[in-house]
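A.B. asks: One-letter residues, chain by chain:
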Amino acid sequence: NAGVTQTPKFQVLKTGQSMTLQCAQDMNHEYMSWYRQDPGMGLRLIHYSVGAGITDQGEVPNGYNVSRSTTEDFPLRLLSAAPSQTSVYFCASSTDRGPGAIYFGEGSWLTVV
Amino acid sequence: GENVEQHPSTLSVQEGDSAVIKCTYSDSASNYFPWYKQELGKRPQLIIDIRSNVGEKKDQRIAVTLNKTAKHFSLHITETQPEDSAVYFCAASWSSNTGKLIFGQGTTLQVKP
Numbered sequence: 001n002a003g004v005t006q007t008p009k010f011q012v013l014k015t016g017q018s019m020t021l022q023c024a025q026d027m028n029h030e031y032m033s034w035y036r037q038d039p040g041m042g043l044r045l046i047h048y049s050v051g052a053g054i055t056d057q058g059e060v061p062n063g064y065n066v067s068r069s070t071t072e073d074f075p076l077r078l079l080s081a082a083p084s085q086t087s088v089y090f091c092a093s094s095t096d097r098g099p100g101a102i103y104f105g106e107g108s109w110l111t112v113v
Numbered sequence: 001g002e003n004v005e006q007h008p009s010t011l012s013v014q015e016g017d018s019a020v021i022k023c024t025y026s027d028s029a030s031n032y033f034p035w036y037k038q039e040l041g042k043r044p045q046l047i048i049d050i051r052s053n054v055g056e057k058k059d060q061r062i063a064v065t066l067n068k069t070a071k072h073f074s075l076h077i078t079e080t081q082p083e084d085s086a087v088y089f090c091a092a093s094w095s096s097n098t099g100k101l102i103f104g105q106g107t108t109l110q111v112k113p
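Quick note, the sequences are listed as chains A and B, same order.
Residue numbering for the first sequence follows my numbering, starting at 1 and increasing by one per position.
Residue numbering for the second sequence follows my numbering, starting at 1 and increasing by one per position.
Pulled out of the complex, with its shape left as it was, chain A reads as follows:
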């Protein structure tokens, strides 16, 4: 049971490049979400999903796409990277079953130059 797994852990992109941050969970959680954390700030919600095939926008969705084709995976796509997207990205999952804690992945450090 690995929990929430994010890849890659570190990535440097050039402005205009596209890439996908991968997120997978093995806890059969219904809910998954993506956050970004900028220096000295709290986490801000980018996109979230309440189940396979269902996604919705969070606070800061511009420049990002998501899809949820399976319960386990929730990839985040940067369409055309900009320096403003330099950040740490956290994926999270949770479930209605049990105490309802939200589990975060270890984070992906992204730098756009």
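Simulated from the structure, these hints should not be mistaken for lab results.
Cβ coordinates follow ideal geometry from the N, Cα and C atoms, glycine included.
Be aware that one or more of the hints could be misleading.
[What the hints assert, rightly or not] For lysine to any residue, the following SDA-like pairs were computed, each having C-alpha atoms within a straight-line distance of at most 20 Å:
#  : chain 1 : residue 1 : chain 2 : residue 2
1  : B       : Lys-58    : A       : Ala-101
2  : B       : Lys-22    : B       : Gln-110
3  : B       : Lys-37    : A       : Pro-39
4  : B       : Lys-42    : A       : Ala-24
5  : A       : Lys-9     : B       : Arg-43
6  : B       : Lys-37    : A       : Gln-22
7  : A       : Lys-9     : B       : Lys-42
8  : B       : Lys-37    : A       : Asp-38
9  : A       : Lys-9     : B       : Leu-40
10 : B       : Lys-22    : A       : Met-41
11 : A       : Lys-9     : A       : Pro-39
12 : B       : Lys-42    : A       : Thr-5
13 : B       : Lys-112   : B       : Ser-9
14 : B       : Lys-42    : A       : Arg-44
15 : B       : Lys-42    : A       : Gly-3
16 : A       : Lys-9     : B       : Gln-45
17 : B       : Lys-71    : B       : Ser-52
18 : B       : Lys-42    : A       : Glu-106
19 : B       : Lys-42    : A       : Met-41
20 : B       : Lys-37    : A       : Gln-37
21 : B       : Lys-42    : A       : Val-88
22 : B       : Lys-22    : A       : Gly-40
23 : B       : Lys-112   : B       : Glu-39
24 : B       : Lys-42    : A       : Gln-22
25 : B       : Lys-42    : A       : Gln-11
26 : B       : Lys-42    : A       : Thr-86
27 : B       : Lys-42    : B       : Val-87
28 : B       : Lys-37    : A       : Gln-11
29 : B       : Lys-57    : A       : Gln-11
[Said to hold, decoys possible] Some but not every residue of chain B turned toward chain A, in silico, with C-beta under 7 Å:
#  : residue
30 : Arg-43
31 : Pro-44
32 : Leu-46
33 : Phe-89
34 : Gly-99
35 : Lys-100
36 : Phe-103
37 : Gly-104
38 : Gly-106
39 : Gln-110
Since the structure of chain A is provided, determine the placement of chain B on it from the hints.
C.D. replies: Chain B only, in chain A's frame:
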């Protein structure tokens, strides 16, 4: 949408003293209020949470109180230890367990030995 304000932004206490961090939220429909501890370079870790049908919850040296009328909630850490030093985030959600959290800006707690 929901907005969460957190104070203070930094807090320094002597080992053994108590620390209190306060948050206010704007959406009266919010019903789930977790607190996270984040060490440098690490993921946020849930330390305690409270739901809107409860006014107070305690777990050893950590307690959280909720005042729904005033729309604020607080984290109390007693008998602080140097290992309590970290950044603490409050969050609020109108839909518990969905992974859709709105975070406060964070409080950097320093516990001096």
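A.B. asks: Please go over all the hints and tell whether each is borne out by the structure.
C.D. replies: Structure-based check of all given hints:
no.: 1; hint: B/Lys-58 to A/Ala-101; verdict: holds (16 Å)
no.: 2; hint: B/Lys-22 to B/Gln-110; verdict: holds (16 Å)
no.: 3; hint: B/Lys-37 to A/Pro-39; verdict: holds (16 Å)
no.: 4; hint: B/Lys-42 to A/Ala-24; verdict: holds (18 Å)
no.: 5; hint: A/Lys-9 to B/Arg-43; verdict: holds (12 Å)
no.: 6; hint: B/Lys-37 to A/Gln-22; verdict: violated (24 Å)
no.: 7; hint: A/Lys-9 to B/Lys-42; verdict: holds (12 Å)
no.: 8; hint: B/Lys-37 to A/Asp-38; verdict: holds (16 Å)
no.: 9; hint: A/Lys-9 to B/Leu-40; verdict: holds (15 Å)
no.: 10; hint: B/Lys-22 to A/Met-41; verdict: holds (16 Å)
no.: 11; hint: A/Lys-9 to A/Pro-39; verdict: holds (17 Å)
no.: 12; hint: B/Lys-42 to A/Thr-5; verdict: holds (14 Å)
no.: 13; hint: B/Lys-112 to B/Ser-9; verdict: holds (17 Å)
no.: 14; hint: B/Lys-42 to A/Arg-44; verdict: holds (16 Å)
no.: 15; hint: B/Lys-42 to A/Gly-3; verdict: holds (15 Å)
no.: 16; hint: A/Lys-9 to B/Gln-45; verdict: holds (18 Å)
no.: 17; hint: B/Lys-71 to B/Ser-52; verdict: holds (10 Å)
no.: 18; hint: B/Lys-42 to A/Glu-106; verdict: holds (7 Å)
no.: 19; hint: B/Lys-42 to A/Met-41; verdict: holds (14 Å)
no.: 20; hint: B/Lys-37 to A/Gln-37; verdict: holds (14 Å)
no.: 21; hint: B/Lys-42 to A/Val-88; verdict: holds (10 Å)
no.: 22; hint: B/Lys-22 to A/Gly-40; verdict: holds (18 Å)
no.: 23; hint: B/Lys-112 to B/Glu-39; verdict: holds (16 Å)
no.: 24; hint: B/Lys-42 to A/Gln-22; verdict: holds (18 Å)
no.: 25; hint: B/Lys-42 to A/Gln-11; verdict: holds (17 Å)
no.: 26; hint: B/Lys-42 to A/Thr-86; verdict: holds (17 Å)
no.: 27; hint: B/Lys-42 to B/Val-87; verdict: holds (11 Å)
no.: 28; hint: B/Lys-37 to A/Gln-11; verdict: violated (25 Å)
no.: 29; hint: B/Lys-57 to A/Gln-11; verdict: violated (40 Å)
no.: 30; hint: Arg-43; verdict: holds (4 Å)
no.: 31; hint: Pro-44; verdict: holds (5 Å)
no.: 32; hint: Leu-46; verdict: holds (5 Å)
no.: 33; hint: Phe-89; verdict: holds (5 Å)
no.: 34; hint: Gly-99; verdict: holds (4 Å)
no.: 35; hint: Lys-100; verdict: holds (5 Å)
no.: 36; hint: Phe-103; verdict: holds (4 Å)
no.: 37; hint: Gly-104; verdict: holds (6 Å)
no.: 38; hint: Gly-106; verdict: holds (5 Å)
no.: 39; hint: Gln-110; verdict: violated (15 Å)
Violation of the numbered hints given earlier is confined to hints 6, 28, 29, 39; the remaining hints are satisfied by the structure.
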